[in-house]
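Colleague: Sequence:
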Amino acid sequence: MFLLFGTSVRQALLTVVVFACRFCGRTVDQQVARRSTRFTLFFVPLFTVSKRYHVQCTNCGGVTDLTREQAEHSQEWAARQG
Numbered sequence: 001m002f003l004l005f006g007t008s009v010r011q012a013l014l015t016v017v018v019f020a021c022r023f024c025g026r027t028v029d030q031q032v033a034r035r036s037t038r039f040t041l042f043f044v045p046l047f048t049v050s051k052r053y054h055v056q057c058t059n060c061g062g063v064t065d066l067t068r069e070q071a072e073h074s075q076e077w078a079a080r081q082g
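Note that our numbering gives residue 42 to position 42 of the sequence shown, counting from 1, and the numbers run on in steps of one.
Watch out, some of these pointers could steer you wrong.
[Said to hold, decoys possible] Label-pair ranges, simulated between beta-carbon atoms:
id, residue 1, residue 2, range
1, ARG68, PHE39, 16 to 22 Å
2, ALA20, PHE43, 40 to 46 Å
3, GLY6, CYS60, 31 to 37 Å
4, ASP65, MET1, 22 to 28 Å
5, PHE5, ASP29, 34 to 40 Å
6, ARG68, THR27, 23 to 29 Å
Quick caveat, the hints were computed from the structure, so don't treat them as lab data.
Idealized CB from N, CA, C, for every residue including glycine.
Given only the sequences and the hints, what does the whole structure look like? Please build it.
Modeller: Structure, rendered in structure tokens:
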């Protein structure tokens with residue numbers, strides 16, 4: 001009998017905000033995203049192992065890790081900006 005298990009990674013775009021990139025210095029769209037790692041059994045996701053948040057520059061592709069609170073704050077800020 002075979003037991004197939006492993007992990008899968010899913011990425012979800014949460015919001016897009018505009019501010020200066022810390023890598024290229026240009027004021028462009030920054031994508032705030034959540035990356036979830038899930039444990040799978042027979043290719044069926046069972047539970048989430050970890051969640052990480054990051055912001056990625058659309059100009060240079062630079063990535064900066066965020067805390068959950070920072071990601072939530074960026075969503076609130078984007079909603080206020082319209």
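Colleague: Within 34 to 40 Å: is that where the Cβ-Cβ distance between PHE5 and ASP29 falls?
Modeller: Given a distance of about 38 Å, which is inside 34 to 40 Å, the answer is holds.
Colleague: If I claimed the Cβ atoms of ARG68 and PHE39 lie 16 to 22 Å apart, would that claim hold in this structure?
Modeller: holds, 20 Å
Colleague: Verify the CB-CB distance for ASP65 and MET1 against the hinted window 22 to 28 Å.
Modeller: violated, 40 Å
Colleague: When you take the CB atoms of ALA20 and PHE43, is the distance between them in 40 to 46 Å?
Modeller: holds, 42 Å
Colleague: Does the hinted range 23 to 29 Å hold for ARG68 and THR27 at CB?
Modeller: Once the Cβ atoms are compared, 25 Å apart, the range 23 to 29 Å for THR27 and ARG68 holds.
Colleague: Can the suggested window of 31 to 37 Å be confirmed for the beta-carbon pair GLY6 and CYS60?
Modeller: With a Cβ separation near 32 Å, GLY6 and CYS60 satisfy 31 to 37 Å, so the hint holds.
The structure fails to meet hint 4 from the earlier list, while all remaining hints are met.
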